Amino acid sequence: MYNIVQPAAAVVRIPNELIDDSIISDQIFRTMFLRASLRAINNVTSINRNLHPILNSSRTRIRIISTGVFGDQLETQKLSKDEIKLPKFDRIEVHDGYRIVAGIVLTRSPVILRDPHPFEREYYLYQQRLEQIHAAPFPIDFYFKKGSVAEKRWKEKRERERIETLSSFGIRQIELKQENADEETGDEDVTIASRITPADVNNDHKSLDRALQRTLYLIVKKPRDKHSWQFPQGGVEKPETLLQTATRELKEECGDNMDIWFVGRRPFGYYEYEYPSDFKKDQMKFKGAKVFFMKAHIFAGQVKVDKKEIIDFAWVTKQEMKEYVHAEYYDAVKDMLSEL
Amino acid sequence: KQFHLYKHFHTFSVAHYEPHHSHIPQKPANLPNSLDFYPGRSSMLRMEEYHHSTLADDLMILTYRDPEAEQKFIDKRKKKYLPLRKSVLTMDTNPYAKNRPRPKPRGNKNVGPVPPRQSHRTAPELVKIVVHCMMKQSLLSKQHLLSGIMALQCITSERPTIVYSRTDVSRWKLRKGMPIGCKVHIQGPPMYTFLDKLTEIVLPRLREWQGVSISSGDQNGNITMGFPPSALSLFPDIESNYDMFPMMTGFHVVFHTTAYTDYEGRALLSGFQIPFTPGKKINRTF
Chain A
1 MYNIVQPAAA
11 VVRIPNELID
21 DSIISDQIFR
31 TMFLRASLRA
41 INNVTSINRN
51 LHPILNSSRT
61 RIRIISTGVF
71 GDQLETQKLS
81 KDEIKLPKFD
91 RIEVHDGYRI
101 VAGIVLTRSP
111 VILRDPHPFE
121 REYYLYQQRL
131 EQIHAAPFPI
141 DFYFKKGSVA
151 EKRWKEKRER
161 ERIETLSSFG
171 IRQIELKQEN
181 ADEETGDEDV
191 TIASRITPAD
201 VNNDHKSLDR
211 ALQRTLYLIV
221 KKPRDKHSWQ
231 FPQGGVEKPE
241 TLLQTATREL
251 KEECGDNMDI
261 WFVGRRPFGY
271 YEYEYPSDFK
281 KDQMKFKGAK
291 VFFMKAHIFA
301 GQVKVDKKEI
311 IDFAWVTKQE
321 MKEYVHAEYY
331 DAVKDMLSEL
Chain B
1 KQFHLYKHFH
11 TFSVAHYEPH
21 HSHIPQKPAN
31 LPNSLDFYPG
41 RSSMLRMEEY
51 HHSTLADDLM
61 ILTYRDPEAE
71 QKFIDKRKKK
81 YLPLRKSVLT
91 MDTNPYAKNR
101 PRPKPRGNKN
111 VGPVPPRQSH
121 RTAPELVKIV
131 VHCMMKQSLL
141 SKQHLLSGIM
151 ALQCITSERP
161 TIVYSRTDVS
171 RWKLRKGMPI
181 GCKVHIQGPP
191 MYTFLDKLTE
201 IVLPRLREWQ
211 GVSISSGDQN
221 GNITMGFPPS
231 ALSLFPDIES
241 NYDMFPMMTG
251 FHVVFHTTAY
261 TDYEGRALLS
271 GFQIPFTPGK
281 KINRTF
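Protein chains in written order, with UniProt numbering: chain A, 1 to 340; chain B, 1 to 286.
If you are wondering where the hints come from, they were derived from the structure by calculation, not from laboratory data. Nothing here was measured: the structure is a model prediction, and the numbers come from that model. Hints should not be assumed to be uniformly reliable.
[As the list claims (entries may be wrong)] Okay, derived cross-link-like pairs now, DSBU-like style, lysine-lysine, Cα gap no bigger than 30 Å in a straight line:
id : chain 1 : residue 1 : chain 2 : residue 2
1  : B       : 197       : A       : 145
2  : B       : 27        : A       : 152
3  : B       : 197       : A       : 146
With the rest of the complex left out, here is chain A (with noise of 0.2 Å):
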């Protein structure tokens, strides 16, 4: 049904000693669809004298470390004592002159059931009705001792029951059904709680309460007019992996007040985007940026906007997510997210 193909042409194959590839799997695949720019890419010249010329591939050493799943290792490779001492933005790791970059895909799972399908609660209905019908006769010996109180609670019940079905067919009045509510209640303090939140009837976007059936992404704003809601993400610096690049910059950008787990330390989808002509990232001149998404889930917390790099957030589903973010970034990230 699936078809495992090659990826097309556009894709950027990084050399296998330096990054694991990750394109494989059906759905990963689709991720690694790209759509690069048809722009001419601009004869880069450093700029800065305190730095290497960055398109210089007999300088620049990729270093992404993307590490197997079933290694307990990781294989960090050292940085030389000269490399250390350099300043941070000497530490940027570049390929083919784009930005590696870390994004984070934080996504807050379904709290409850889906609701079924008007044809799902009509079969499992009638598969019910199907059940009590052939069911063998409940064992009362077995369950309750002969002339227990229990025993008389369970009988009056099930007359109480019996009384309800026949009058469902119109023959006797359901009075004996609110005495039968309030007995019951009175033994329990569970209260059941609303599918449907203040935050779901508000359409609070910011809210994590909001929409309990369906998976929602967190996307934030940067300080600009175009392509500004994006997931959070940050470039890669030396000698990091991509899991602490993420971690880093999760909490730089949405605050340490969260309870998050990455989903293994590999990443999975990819998105390569070209810079426009004019733009600089922290003094420096690059194509573009590859950027390498991370799963992770939050279990408790919320975000902290830092107002520097970030100005806003969003708790998002899916289809609202095209609501926000530039419609070349859905197409690259869309298959990345769940439908629920």
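Given the structure of chain A, go ahead and fit chain B onto it with the hints provided.
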């Protein structure tokens, strides 16, 4: 001389025809008016929905192997379960071997599964759970089997079958063919409800339980755990009428998964909130 014309004729009462290879035998329809009717699922299953919505995606990421590691893993498994004839080693490329069954392995070794190429469909899944109860008391009297059978039936909602001994052990006065225990295989809805009960109610209440042993597993992703007799009383089905079970026995629970390594099986089960003891270092298994 008489010439026996009918010497080579065989007579059958009924003409026997081999079914055509394209004939797919079908089970008789499961109709409510038949005696063997078994109703379908009557509700949504919480654990199953969780697996399909959240767990499976995460497991796919966690159990992913890059192409070199995958090839290494498959080669190692193929080497472990060697075929009978050398020609089978070239089965993938040999066109004459295509669509033919794999021959038996060489020597007296066990047959083992060779994992397929990974895809979104090969993420580990829970297939069935086997609950097995061995009762030594049944050697004294067969009546003691009943409590075990009833307990398993209450826990799993399926009728258990009796397990008969396969060997003679004179020390324990055990002879071949004696009923020694009971087991029940559960799949689908009863399996997920049993798993739900375990993880929500029973496991949290077990006393001095550190988790499932980290070394548990049959090297092919199937994990087993054992319960003491006190665990039976923690099940809500038994807790409610505790007096009807005079003899509490311990039992084993085997989780059968589609995983091909113990690591993946453990990943699946821990996703279902079954804790494992952090213990000794586990080597890479692939």
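Structure-based check of each hint:
no.	hint	verdict
1	197(B) with 145(A)	26 Å, holds
2	27(B) with 152(A)	44 Å, violated
3	197(B) with 146(A)	29 Å, holds
Of the numbered hints listed earlier, the single one contradicted by the structure is hint 2.
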